[in-house]
Amino acid sequence: MAAKTLTINGKQISAEEGATILQAAEEAGVKIPTLCHLDGVYDVGACRLCLVEVTGVPKLLPACTTKVSEGMEIKTDSEQLQKYRRLTLELLFAERNHVCAVCVANGHCELQTLAYSQGMDHVRYDYCFPKWGVDNTHRLFGMDHNRCILCTRCVRVCWHIEGAGTKNVAGRGSKAKIITDLNMPWGESGSCTNCGKCVQSCPTGALFYKGSTVAEMERDRSRLEFIVTAREKKLWVASD
Amino acid sequence: MDGNMISNLIQIKEQELAARKKIVLRCCMAAGCMSLDAKGVREQLEKAVAEAGLQNEVEVRGVGCMRLCCEGPLVAADPQNTLNIKVTTKNAPSIIAALRDGKTEVSRTDPNSSFFTKQLSIVLANSGVINPERIESYIAADGYHALHEVLHEMTPREAVEALVKSGLRGRGGAGFPTGLKWGTVAKSPGAKKYVICNADEGDPGAFMDRSVLESDPHAVLEGMAIAAYAVGADQGFIYVRAEYPLAIARLQIAIKQAKQLGLLGSGIFESPFNFNVDIRIGAGAFVCGEETALMASVEGKRGTPRPRPPFPAESGLWGSPTLINNVETFANVPPIYRNGADWFAGIGTEKSKGTKVFALAGKIRNTGLIEVPMGTPLRVIVEDMGGGAPDGGKIKAIQTGGPSGGCIPAQYLDTPVDYESLGKLGSIMGSGGMIVMDDTTNMVEIARFFMEFCMDESCGKCVPCRAGTVQMHHLLNNIANRRATARDLAKLEELCDMVKHTSLCGLGQTAPNPVLSTLRFFRNEYEELLQPDPFGPPSNGEVKKQTAAMH
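Each protein sequence line maps, in turn, to chains R and E. Numbering (my numbering) for the first sequence: 1301 to 1540. Numbering (my numbering) for the second sequence: 68 to 618.
Don't read these hints as lab results, they were simulated from the structure. Do not take every clue at face value.
[To be verified] Which chain R residues stay away from chain E? Per the calculated CB distances, all over 12 Å, these: (1) Ala1303; (2) Lys1304; (3) Thr1307; (4) Asn1309; (5) Glu1316; (6) Glu1327; (7) Ala1328; (8) Gly1329; (9) Gly1340; (10) Gly1419; (11) Ala1464; (12) Glu1488.
[Stated by the list, open to error] Just a few of them, taken from the derived set where beta-carbon distance is under 8 Å, the chain E residues facing chain R: (13) Ala352; (14) Asp523; (15) Cys526; (16) Gly527; (17) Cys529; (18) Val530; (19) Ala534; (20) Val537; (21) His541; (22) Met565; (23) Leu571.
[What the hints assert, rightly or not] Simulated crosslink set (DSS-like; lysine-lysine; CA at most 25 Å straight-line): (24) Lys567(E) - Lys1383(R); (25) Lys1375(R) - Lys567(E); (26) Lys567(E) - Lys1367(R); (27) Lys1359(R) - Lys558(E); (28) Lys1477(R) - Lys368(E); (29) Lys1331(R) - Lys1375(R); (30) Lys567(E) - Lys1359(R); (31) Lys1475(R) - Lys567(E); (32) Lys368(E) - Lys1475(R); (33) Lys1359(R) - Lys491(E); (34) Lys1367(R) - Lys254(E); (35) Lys1304(R) - Lys1359(R); (36) Lys491(E) - Lys418(E); (37) Lys106(E) - Lys88(E); (38) Lys1383(R) - Lys558(E); (39) Lys170(E) - Lys157(E).
Note that this is a predicted model, so its numbers are computed, not measured. Every residue, glycine too, gets a C-beta built ideally from N, C-alpha and C.
Please work from the sequences and hints to get the whole structure.
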């Protein structure tokens, strides 16, 4: 495959043709913040945290879905981009009920980590305090919609890796919600294979193993292969 | 009947013209007049004609929109050239009586008023003239002749070139050069290609595309067929919103009739060209007017947009190259091929060719549809044609482009209507909704209304649009209810900038426009509502002075 040369933050790098900006940056050791991206599943460009500036393109482009091209000049950390990232995080924190102190994912949460790394130290917008429920009907897993950021990672692993098609999105805008099957309690889902990939993919404390308490919900991101090929390799046995 | 030959088309036209009666009463059968019982009016007219024994002289024809919607139901009489307004089932028979003695109890309007005379009809040429439910009526108006000519006289490449030469730009809002789009799809490699007509018109106050579909559905079908030939597609979809049942019904009739005559289907006009059209009905989501969301919806998926590139021209429906144009764009196509690209390029301004249909609504005397050449000043549209604000009001602003557009204040009324000029004022041409506001209109309320619309219609996929519109609406609410400070206004402006630049699709990217444009021209209306900041001096020096003056 032909290689492309481009610059990221003034640094000349080469990348494989067909690679995304995100992949090229990662290879070159440039960190671009992401939230809806998950290695192993296709990208949707929804969280807008990985937006980058490309010289000659008037719009900001998501690094996760934009392919590299020859001579591309990319900026990943301009002041403007950093400001937008902090604002995006502020909006996410204000949107639902993200209370770290009582969250199962406290200390292991990608949203929390991003807020630290991007310097989002407080939320200036009014909290919405929506009343979302918790679905605890599943034998092994729980889903707290209050902590969901609608990144749809769980939906994508469910459809495209597990192939079960249990998880989906219903509703529109701020009323959008992750559902199981045709919006039924998770425990009653006929299609769920109890594989737990969705739990493993969740960036926040929205999806968790039952029985985990504050700060106990750890996910091992380095073992992505685990998520992708868990079943064939019998690495992952979901049990209580 | 084997309709694959042009001779059949000519025969149909001749038969249709020979069957014409001396007097034609054209009754508007578009949704606006239908809601005021235009159907009953038409039945009464038919009955009165029968009772007067005038069946051989008078034809009562159901036609499409006759433009002056506020005065409906409308009945026009030819060749008398009278236009009866607000016709009811009761007074309809007196229109027939008037054919004898000229006296009628039905009100009339002057068909030579500037509302009508300043219009230039290309897209709406058949609207209000032909019967949209009879293909013969369209053929008599030279319908499908352009398709025949293109199939037999032009190569697909020549067809694209002709459209490039015409200078037609997309009428859906953004104004992308249509010829360039066709050329890109034509050049994209792929055995299967699609043509989609975007009829998911959803801007509040916009009803141009609905009227075109209800009044002249065959023009859209013919335009799509020509496009399909030019780009190498054999399957078309029309994506219509479910809220347009009459348009859907007329399209279904039109597709059926065109198939019967061999104008859609296989081997059209004895050429190797095949083209079929199917209707897809939207389920009420505004975002499905965005092309990538629309395609997802056609594919049967959740209607959410995806990042571009790849553009539909390269990878669209089911990954195949796909041409998406708006209803009005397709309706422009047959006249361009019928009359030549040069003819079309001679109308309008240097960069915006042809005409534009606008739906005039709001605080204006004459509401309805107008079609004017590009470059017509806004003043001509709202004052001469629209008759200005009703009840002696003063026009304050004009909202164009729906929730993606902006408010143009009255001092810019002399702006010519074209893509660039409206863009310079922070608004957009949009699909053609034009809402006139008078001096009683509160601009903060307008911004809040449109923000609420965008908030409700956000699909929820990307964070800036989903959560940002909620916060912007909340801030606008606080400002409108006098619960906000200068700091809140600054936060609102910051969010507007962020949502505009970071949202995934056009809905989010343009959602702040109504706020930005009202802030640009009517900032004082916002500032008047602000409260003193209890937490110290605001960063904005101007407001600090104001706050000091208040104490």
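To see whether the hints hold, each was checked on the structure:
The beta carbon of Ala1303(R) is kept farther than 12 Å from every beta carbon of chain E, the shortest such distance being approximately 21 Å. Every CB of chain E is more than 12 Å from the CB of Lys1304(R) (nearest about 16 Å), matching its label as outside the interface. Annotated as non-interface, Thr1307(R) keeps its C-beta farther than 12 Å from every C-beta of chain E; the closest such distance is 20 Å. Here Asn1309(R) stays apart from chain E, with its beta-carbon at least about 19 Å from theirs, past the 12 Å limit.
Look at Glu1316(R): its CB is around 18 Å from the nearest CB on chain E, clear of 12 Å, so calling it non-interface holds up. At roughly 21 Å from the closest C-beta of chain E, the C-beta of Glu1327(R) stays outside 12 Å, upholding its exclusion from the interface. With a least beta-carbon separation of about 22 Å from chain E, Ala1328(R) lies farther than 12 Å from that chain, consistent with its non-interface assignment. Here Gly1329(R) stays apart from chain E, with its beta-carbon at least about 25 Å from theirs, past the 12 Å limit.
Every CB of chain E lies more than 12 Å from the CB of Gly1340(R), the least distance being 19 Å, so the non-interface label holds. Gly1419(R), annotated as away from the interface, keeps every beta carbon of chain E farther than 12 Å; the closest lies near 16 Å. The Cβ of Ala1464(R) sits about 17 Å from the closest Cβ of chain E, beyond the 12 Å cut-off, so the non-interface label holds. Once the 12 Å rule is applied to beta carbons, Glu1488(R) is consistent with being away from chain E; the minimum gap is 22 Å.
A distance limit of 8 Å between C-beta atoms decides the matter here; for Ala352(E) the minimum to chain R is near 7 Å, and the interface restraint holds. Interface restraint check: Asp523(E) against chain R, minimum CB-CB distance 6 Å, threshold 8 Å, status holds. For Cys526(E), the interface hint holds, since its Cβ comes within 8 Å of a Cβ in chain R; the closest pair sits about 6 Å apart. At its closest, the beta carbon of Gly527(E) sits 3 Å from a beta carbon of chain R; the interface hint therefore holds under the 8 Å criterion.
Hint status for Cys529(E): holds, given a least beta-carbon distance of 5 Å to chain R, under 8 Å. This hint holds: Val530(E) has a C-beta 5 Å from the nearest C-beta of chain R, less than the 8 Å allowed. At its closest, the beta carbon of Ala534(E) sits 4 Å from a beta carbon of chain R; the interface hint therefore holds under the 8 Å criterion. Taking 8 Å as the C-beta cut-off, the interface hint given for Val537(E) holds, the closest approach to chain R being about 5 Å.
At a threshold of 8 Å, the smallest CB-CB gap from His541(E) to chain R is about 6 Å, leaving the interface hint in force. Because the beta carbon of Met565(E) sits about 5 Å from the nearest beta carbon in chain R, less than 8 Å, this interface hint is met. Hint status for Leu571(E): holds, given a least beta-carbon distance of 6 Å to chain R, under 8 Å. Restraint check: the Cα-Cα separation between Lys567(E) and Lys1383(R) comes to about 14 Å, which is no more than 25 Å; the hinted pair holds.
A C-alpha spacing of about 19 Å is found between Lys1375(R) and Lys567(E), which places the hinted pair at or below 25 Å, so the restraint holds. With a CA separation close to 23 Å, the supplied pair Lys567(E) and Lys1367(R) stays within the 25 Å bound. The hinted pair formed by Lys1359(R) and Lys558(E) meets the criterion: a straight-line CA distance of about 22 Å does not exceed 25 Å. In summary, the hint linking Lys1477(R) to Lys368(E) is supported, as the alpha carbons are separated by about 16 Å, within the 25 Å threshold.
Restraint check for Lys1331(R) and Lys1375(R): the C-alpha separation of about 12 Å stays at or below 25 Å, so the hint holds. Between Lys567(E) and Lys1359(R) the CA atoms are separated by roughly 10 Å; this keeps the pair inside 25 Å, and the hint holds. A hinted pair counts as satisfied when its Cα atoms are at most 25 Å apart, and Lys1475(R) with Lys567(E) qualifies at roughly 21 Å. Between the alpha carbons of Lys368(E) and Lys1475(R) the distance comes to roughly 18 Å, so the proposed pair stays at or under 25 Å and holds.
Taking the CA atoms of Lys1359(R) and Lys491(E), the gap is about 18 Å. The hint holds against a cut of 25 Å. Between Lys1367(R) and Lys254(E) the alpha-carbon distance is near 21 Å, which keeps this suggested pair within the 25 Å criterion. In summary, the hint linking Lys1304(R) to Lys1359(R) is supported, as the alpha carbons are separated by about 22 Å, within the 25 Å threshold. For the suggested pair Lys491(E) and Lys418(E), the alpha carbons sit about 14 Å apart, so the restraint of at most 25 Å is met.
Between Lys106(E) and Lys88(E), the direct Cα distance comes to roughly 21 Å. Compliance with the 25 Å bound is thereby established for this hinted pair. Taking the CA atoms of Lys1383(R) and Lys558(E), the gap is about 13 Å. The hint holds against a cut of 25 Å. A C-alpha spacing of about 16 Å is found between Lys170(E) and Lys157(E), which places the hinted pair at or below 25 Å, so the restraint holds.
Violated hints: none; the structure is consistent with every hint.
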